[in-house]
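Asker: Using the hints, position chain U against chain C.
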Amino acid sequence: MRLLLIEDYRPLQQSLTKGLRETGFAVDTTRDGQEGLWYAMSNDYDVIILDLMLPGMDGLSLLKKLRAEGKQNHVLILTAKDTLEDRVAGLDLGADDYLVKPFSFEELLARVRALLRRSYREKNPEIKIQHLRIDLTTQRVWHGRDEIRLTPREYALLEYLAMRAGQTVSRTDIWEHVYEFKSTASSNVVDVYIGYLRKKIEQPGKPPLIYTVRGRGYMLGPKA
Amino acid sequence: MMRSLRTRLLFGIICGMLLLLLTFSLIVYTVIHRALLNQYDASLASVAGILAASVEIDENKIELESDVQQMPEFLRTDRPTYYELWRSDGTVALRSPLLSADDLVHLEGSINALVFAMSQDKNSRPLRAVGMKFIPRSANTDDKEQPQLMQEQAITLVVAGDATGLQRQLGLLRWLLLGASGVTTALSVFIAAVVVRQGLNPLNSIAGEIAAIKEDDLTVRVGTTSVPSEIAPIKNRLNDLLSRLENAFTRERRFTCDVAHELRTPLTGIRSTIEVALRRARNTAEYQTVLSDCLTIIESMQTMVNNLLMIARLDACQVAFRRVQIHLAELVNSRWHPFSGKAVEHRIAFENRVPNDVTVNSDPENFSMVLSNLLDNAVEYTNDAGQIWVTARHTDDSIELTVANTGCQLTSGQVAQVFDCFWRSDSSRTGTGTHCGLGLPLVQRLVRALGGSAAAEVQPGGVFTIRLTLPASAPCNGQKNPEIKRP
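Those protein sequences? They're chains C and U, same order as listed. 1 is the number of the first residue of the first sequence in the working numbering; add one for each residue after it. 225 is the number of the first residue of the second sequence in the working numbering; add one for each residue after it.
If you are wondering where the hints come from, they were derived from the structure by calculation, not from laboratory data. These figures come from a predicted structure and were not determined experimentally. From the three backbone atoms N, C-alpha and C, an ideal C-beta is built for every residue, glycine too. Hints are supplied without guarantee of correctness; some may be wrong.
Computed from the model, here is a short list of chain U residues facing chain C with C-beta under 8 Å [what the hints assert, rightly or not]:
| hint | residue |
| --- | --- |
| 1 | R495 |
| 2 | E499 |
| 3 | Q633 |
One chain only, chain C, in its complex shape:
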């Protein structure tokens, strides 16, 4: 899942980016409002984490422009302002959630995950595909009773496919939702990771979980 973090306070920006990346999210980040808007307009982020007081352009103006341009991304506002008026103003302008500083990193993660499930209309924090079980909260994957160890990038890829299970997902979609803006683009990096994933989650002699749809992309088998 790909997130955009727009936060101007450097220590917070650095720690959140690090924490989110370690959790398996692809995170693009900026400290400037104008730049943040440009990022948001040019990519399809699953969740945008937005601070309100930003240089360049304040968070609420950014949100207004984003919505005016028809962007439907889920937006989570981070701010030190906690009056009722501030919250209402943010939510009325089209924010999906509001988190007041200082917050716990776990709460931020939980809220981001909730927004992601809303993005993919998935209310259950556990997804089952045949014998495969994916716990979206703990980010652990099981095959029957055996836990499968995945790297963060592999997990992110599986989670994205699982969220859209039963649908054909293009390589571009995967690229846009799993990889960061600054990642070095490579035409077959998606195929390489799909290969790694197949090796870990599919078992010989059983029907495949990931199908290749020729010329269009990949599809994770329908949900159990």
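Answerer: Chain U in isolation, oriented as in the chain C frame:
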């Protein structure tokens, strides 16, 4: 001491009213009393005149003409008139028959003068008496002998009339006046009470409005409806006070919010840095980075808290200052030293143009803090490859110090706000971390406390200048005593 305005007004009005009524009644009574008495005295005097004219002396025998004796006044028993005549030796010569053996009051004046007095008869009936001394006609002598009669034969006549009617009239008049005064007083108490209550109504309604003001809503103003001109000044002062209170409360609330906000952001930084670090086991180098990141944040929070504390102390006048002669150019150089590294990094040129002979009489620690803050601010906001310069000059009785830097993008409207706490040109309040928007407000307060003033301006070409005007010598009260503790 009467506390109530209403009681005081009522008491004043009623006392005044009573005093006026009594004075007025007394005057009326005196005038009417005198008029009635004069009238009565006149009639008594005329009777006395007739009697005197009818007295004859014949061979030491004093007689009254018989038709005078028969006058009805002297004979009737109700409202009788008495008379009595005395010889000069004090013996009674004649008395009216109604008196039988009683005497009237012996009123004796000089010849032909009338003397009036009140007296009583044997029945304690009030009498008004008039006395006159005269020389009676001689029945059978010539006019020539008259002078010889003068002294020995002078007769005192007293005529007394029943004064019951007069007394009753006067009594009636007294009661009338007293009654009228009483009724008027009672009525005036009632009217005054009503009028005073009506008159004080605006006060009551203002008191009600004031009582209704809640401490969480100071936007209300009293006396929005029309108030009497006497209360208008109180209303206006009160509303002024409310405005000032409202402003102070708003400022205070905003300041508290700002402080909370400014502390929240770095706290979040520390918290998420630590939380993210604790999510998994890391190597020593990573932990060291986390700890040093947190330390940096804590240092900037500490600076902010120190600045806030300094501002609060300056606002409460709790900072002690001493005065010494400071060589300005040297101090500028020493204060610049900590920033020179950053300036080199950003290719900023620094120029100390302070003449060598300029000294400032000021507090060394606090004045150094002023300079450090100004230079820090300048380095922070100067454009890369820009310029910073410090100048100073003597004016009439002060020293003008300027710190200027290039690369300013503030409008003149924004420049007016640079001394406001937590104000930053950008909507971002946390952008630089170390600069929390307290440096210049602290400078302004410090300079003010040191007896000077600070002003900011932006010139075309993006040159931002802070101009300090400092007293050239210590204020009079500071010369003798180097420790100035402001009250």
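Asker: A separate judgement is required for each hint: does it hold in the structure or not?
Answerer: Verification of the supplied hints:
| no. | hint | result |
| --- | --- | --- |
| 1 | R495 | 5 Å, holds |
| 2 | E499 | 4 Å, holds |
| 3 | Q633 | 12 Å, violated |
Violated hint for the displayed structure: number 3, the only one.
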